[in-house]
Amino acid sequence: MSTTFLPCGVYHENYKQDHAWWQTRFIKSKMFLLLVSLFFIIPRISDSYWLSICNQIGYTVLGALGVQLLIGFCGQVTLGHAAFLAVGAYVSTLLVLEFPWPALLVEWGLAYPISIFISAIVAGIWCVLFGLPSARVKGFYLILTTMAAQFITVDFVITQYVSQIGGRGQAFSLPVGTIKVGPWVIDSDIKVYYMMIVLVIVCVVGVVNLLRSRVGRAWVAIRDNDISAEVMGIDIVKYKLLAFFVAGFIGGIAGAVWISNLAAISPEHFPWFWSLWLVGVVLIGGAGSIHGTIFGSIFMVVVMELLQMAVMPLADTYPKLLLDFLFIKESAFGLAICLFLIFEPNGLAYRWWQAKNYFNLWPFSY
Amino acid sequence: MYFKKIVTGFYVLLLSVLLGAGFVSAAGPAKPINVGALNDMTGATSDVGRDYALGIAEAIHYVNDTGGINGKQIKLHQFDYGYRVPEALTKYKLFQRLKCVAVLGWGTGDTEALSPTVTKDKMPYVSASYSGHLTDPKKTPYNLFFATDYSTNARASITAWFDKKWPKHADYGKRKPRFACSYQFSSPYSSAPIKAIKDQATILGFDIGPDQDVSLFAIDTKSQNLALKEFKPDVVWHGNTTMSVSATIRDAYSLGLGADHMSNCWGFDENLPKMAAKAAEGTMGAAVCAFFGEKVPGMDKVVAYAKKYNPGIPASKRLIRTVQAWGDVLILQEALKRADKAGKLDGESILKLGFETMNKFDIGLGAPPVTFTATDHRVAGIVPVYEIKDGKFQLVDKVDLKGRWPEKWAKEWIGW
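Chains as they are written, first to last, in the working numbering: chain A, 1 to 366; chain B, 1001 to 1416.
Hints in this document: simulated from the structure, not taken from any laboratory. Where a beta carbon is used, it is the ideal one built from N, C-alpha and C, also for glycine. Each hint should be verified, as a subset may be incorrect.
Taking beta-carbon pairs under 10 angstroms as the criterion, some of the chain B residues facing chain A (in silico) [to be verified]: (1) A1053; (2) D1080; (3) L1114.
In the PhoX-like style, the derived pairs of lysine-lysine whose C-alpha atoms are separated by at most 25 angstroms in a straight line are [to be verified]: (4) B:K1075 x A:K320; (5) A:K191 x B:K1093; (6) B:K1093 x A:K320; (7) B:K1122 x A:K180; (8) B:K1031 x B:K1352; (9) B:K1307 x A:K320; (10) A:K191 x B:K1120; (11) A:K180 x B:K1093; (12) B:K1337 x B:K1317; (13) B:K1307 x A:K329; (14) A:K191 x B:K1099; (15) A:K320 x B:K1308; (16) B:K1120 x A:K180; (17) B:K1317 x B:K1411.
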């Protein structure tokens, strides 16, 4: 059921209407316009740079979606999600580069799509391993166990062992032409964009539908009060681990997709800071909202780029500004989180909700 | 509520002033040549990266002060990327958007990661990474640097030790010399010449011991040194940057390892004898140019510009890194000049009509004359190897790899 008020004069008469994705003609038009913008307008008006920004947003959405599911819907705080992105990226890379694929699959461009699916499953299972402590611990203790995922996975397993495959202990090079989807070689920002946008839509639709199901309701019950949930008959260990699996699965997809945007992959792509960043995205966007994940991702990526644009013209006057931009960027990230927690703890999604309600109820929005 | 309004008003005002100042300053004489620069001021290699970054800015000032590129000024877009590969990839795309004609890059990880992309985009990429993997134009045509590469330097260092030090050892003639490597396994920079140095050790007849994994951030390396002690190496090669190398050498000294030390060029600078003191005595390494302030042609400008643009940093604190930055800027300047003279300032022309027309081009600064050809981007085959004696750098030998192993140099050793 929609959490926003319906426009004046719109009434639901049955459950089908009440549970429909797009409930009014106006919403259908809006979504149609959104799809047209995503598939036709943005690719046409954006240059390579802006497309790469869009790809970063897509990557952030996919990464933060799992974090949102764990923190926002299941109440399991995670600070090690970059590890599962890394697992997805490395499994996909190794499969593409090292696995003896039948020639037919390579020719049809199926090796990479299959590798995305396999890497998502592996990342999901790996995530479940680190979700196991959630059966016994919660809160700060769970945060620490999820942080362990980052250090064990990226700093130990991948850095010390997986990166050594091939003999030089360095980045796996992904030469142009390695990543192929069907007849398309993914070798430009626009191709990455289309692949990214399709996967973001599929994952968002998948998660939203999952949240509308029995599973989603169980997660929300666990988030709100795990003891009550258990009393109601929900197997909380099972559903918590399922949440970890789905979060890892989406993280795996994010990692596997991200390699199409890179020329090489190394453990440096998945620092602990990225896990923190994804939590920041969820906090700024709004915990417990899929819209919030998307808004938070757009905000974090675009604001940082706008900040860079504001700083660049100043470089002639203050030449050290560009060199110090990394400080500025990271300070802005910290400041944004502080300001949102103080002034808008429900995140951007709450503002969106307020704005929608205002227009839906207009002229009786009081 | 009142406080909220004041805070919001303050930020809006601040942003407006900054943007306003930016747009005012952005207006000016037109059409400079845009060059991007990626530097590490805050990351894992910032111990050497900071001085290099200062050197890049100073050298670009020098180029602009002395007529630029045939009268055109260079506009430098210099960013700190914190030695993070993803940040480097993002910044590279920004450089493209800013229509940069070339990039002055930094680390091996990001340079190698970007290599297929710069090849596709035909973007000359002059890096501070001297990885041997970037020297074969068949694979990486747009990657260039003014210095001898890590693999060549490593081969030269171990050869110099074998020629000059090993004959003086008590066990000379009785057994094979023992050799081990100490570096961060996962760092593309540190691991870049490992295959080459082990190959050279095999050629020279060393016993090769187990590698030791030492972090670029290491401050305590006792466990690695204790592991090395079991193998009893005669010489250890260090692949990290100065801070980590000095920590390893200090621990080796205090634990009585008893081995000689050699270091890759980014671990071998004026800070090493300062940080490791006595422990650094005898450490050998290939220096790709003169140390800061040495009496060589061109150094007076380097010192003068360091003083002019960064007067707060005394000359005694400046490093060879500044000189290395000048080396990369000077070859880029020459390539841009040649391409511009030919009337084509695009990537392919900068490579073909600029870099690849340099034949024993002398940049001074104690660096070898630079030669790039369409089939080989290794600048020189003769490498000077230095040793620290009484806290000073002294030339031990000039190893002529090209002359000593001409067949291997020409056919086998390129590109790794």
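Broken hints, by number: 12, 13, 17
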